[in-house]
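Okay, here's what each chain looks like letter by letter:
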Amino acid sequence: MQVDKRFVPEDLRYDRNDYWVKATAGEAVIGLTAYGQDVTGDILYLELPPAGSSFRRGEDSGSIESGKWVGRLLPPVTGMVLERNSALETDPSGVNQDPYGAGWLLRVRLADPSELDGLLNPAAYREWIAGQIRREREEEAAL
Amino acid sequence: MSDYWRLLDTGTQPAAHNMALERVILAARSRGLIPNTLHFLEFTPSVLVGYHQSVSLEVDEGYCLRHGIEINRRVSGGGAIYVDQGVLGWELVACKDTPGIPGRLEEMYRLLCEGAVAGLARLGVAARFRPKNDIEVGGRKISGTGGAEAGNALIYHGTVLNDFDVETMIRCLRLPIAKLDDKQVQSFKERVVSLREVLGSLPAMPVIKQAMVEGFASVLGIRLEAGALTEQEKKLLEQELPLFQSDDWTRGTRRLQNSSLSTVDYKTTGGLIRVTLRLDRTRHRIRYAFITGDFFAYPERSILDLEAALKNTSCEPGDLLQTVRGFFAAHQVRIPGITPDDFFYALQTAIYPTGRGREQSLKTAESSAGR
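Taken in order, these protein sequences are the chains called A and B.
Each residue of the first sequence is one higher than the last, beginning at 1 in my numbering.
Each residue of the second sequence is one higher than the last, beginning at 144 in my numbering.
Take every hint as true, because none was put in to throw you off.
Okay, the calculated bits of chain B under chain A, using three or more residues with CB under 8 Å as the criterion:
| id | region |
| --- | --- |
| 1 | 236 to 248 |
| 2 | 290 to 296 |
| 3 | 421 to 428 |
Calculated from the structure, these hints are not laboratory results.
Here the structure is a predicted model, which means the values were calculated and not measured.
The C-beta atom is built at its ideal place from N, Cα and C for all residues, glycine as well.
Generate coordinates for the entire structure from the input sequences, incorporating the hints supplied.
Okay, structure coming up:
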């Protein structure tokens with residue numbers, strides 16, 4: 001199933017590491033965006049932090065392997081894991097196939113809800129993606 | 144990318160030292176303590192599993208123990224490899240925002256592998272990048288690559304098989320070979336190639352390294368100057384070594400895996416197709432495919448390219464059919480008496496040995512591929 005990499009839902013917030021956040025009353029669900037999964041490629045292994053563990057925004061909290069590349073999971077907010085999507089640890093293809101739905105990564109308690117103000121709104125994130133795609137095309141042309 | 148990069152050569156080291164050093168250099172680059180670096184490393188006999196792999200599934204630990212072969216874990220992804228004195232390791236450690244290094248992984252693989260390809264060309268080897276991240280000569284792998292990131296830095300590394308001990312590799316690793324008979328071993332040998340085999344003799348190590356330096360410098364447009372580990376890196380290495388020498392690092396199963404080996408013989412009018420697959424049934428993936436038989440493929444390398452195209456792909460029938468048909472549509476391959484769908488059916492039977500007929504299998508796969 002092909003996911004439109006430019007798809008940016010209106011009801012979420014985003015960061016420049018290509019994660020989305022859906023916040024409600026001190027909690028949030030986070031995941032990788034459609035563009036993020038497209039850049040990463042077919043995900044083969046995913047290691048998520050366990051429930052109860054704390055993490056800081058932008059700091060290494062897990063791993064994502066695709067095509068012999070081990071990338072790091074960099075949460076877009078600071079908090080504590082309430083639940084991880086353990087189905088993805090046995091079969092991470094949900095992140096590629098349904099990044100905003102079945103492919104969610106973590107449900108977390110926010111340590112500092114004001115961090116949400118620093119995230120990108122959908123329009124700003126669309127602009128960020130457009131810039132990245134322009135850069136990719138230039139790089140491709142240069143190769 | 145006109146910047147100066149450090150050229151670092153740490154010589155032959157035990158596996159734990161080499162693997163810890165990768166993380167140290169990556170961390171040091173991410174913290175801005177060192178410049179971008181091209182690092183050469185050499186190995187004592189070792190098996191290095193990928194970051195998420197399980198040692199018990201990938202390695203014949205008894206054989207390694209009996210033969211003094213170390214086992215360790217890389218920070219990078221991909222499959223287990225065997226390395227020894229006949230292998231040169233190269234790795235590029237750079238800031239992620241280094242101008243000229245593509246952000247998209249597939250383009251980055253291509254560019255950095257082209258550096259190694261240019262190095263091999265200087266030795267007279269007509270190597271080529273094969274997506275996603277192999278370097279091959281006439282379809283046979285001479286360098287496998289992989290990478291990782293930490294903070295603001297990336298590491299991309301590979302090996303050059305100088306004078307490779309294929310027999311030991313086959314015995315150390317749990318490869319997709321059901322029985323180690325001579326014919327299977329010979330077929331496996333045909334999948335990899337060393338510098339000595341290509342060139343007829345082996346250039347001295349300094350000559351190989353110099354060629355690789357020139358290759359990377361020309362493709363990346365960089366200037367390399369010999370340097371050494373900094374005091375900070377040495378201190379970090381001291382701190383990291385105990386972890387990399389521990390069972391926690393090497394033997395901890397990082398991910399739930401489900402690995403099975405499956406072999407099938409499928410008779411066609413053009414000859415027998417023997418397919419052996421390593422499958423991850425939890426993730427519905429073909430880990431490795433090994434395809435032999437008594438058919439004739441033109442060009443000969445086609446089957447090796449097909450195996451590469453199947454690696455880590457989905458084994459769902461619809462996806463598999465698309466992968467196989469896509470491969471034959473994109474390559475000029477002639478195999479008298481055998482069609483692409485015969486390969487699909489042989490693979491499908493190895494994955495799902497249910498006894499369902501060829502036509503029925505194709506029909507089911509076609510309908511799920513169209514969904």
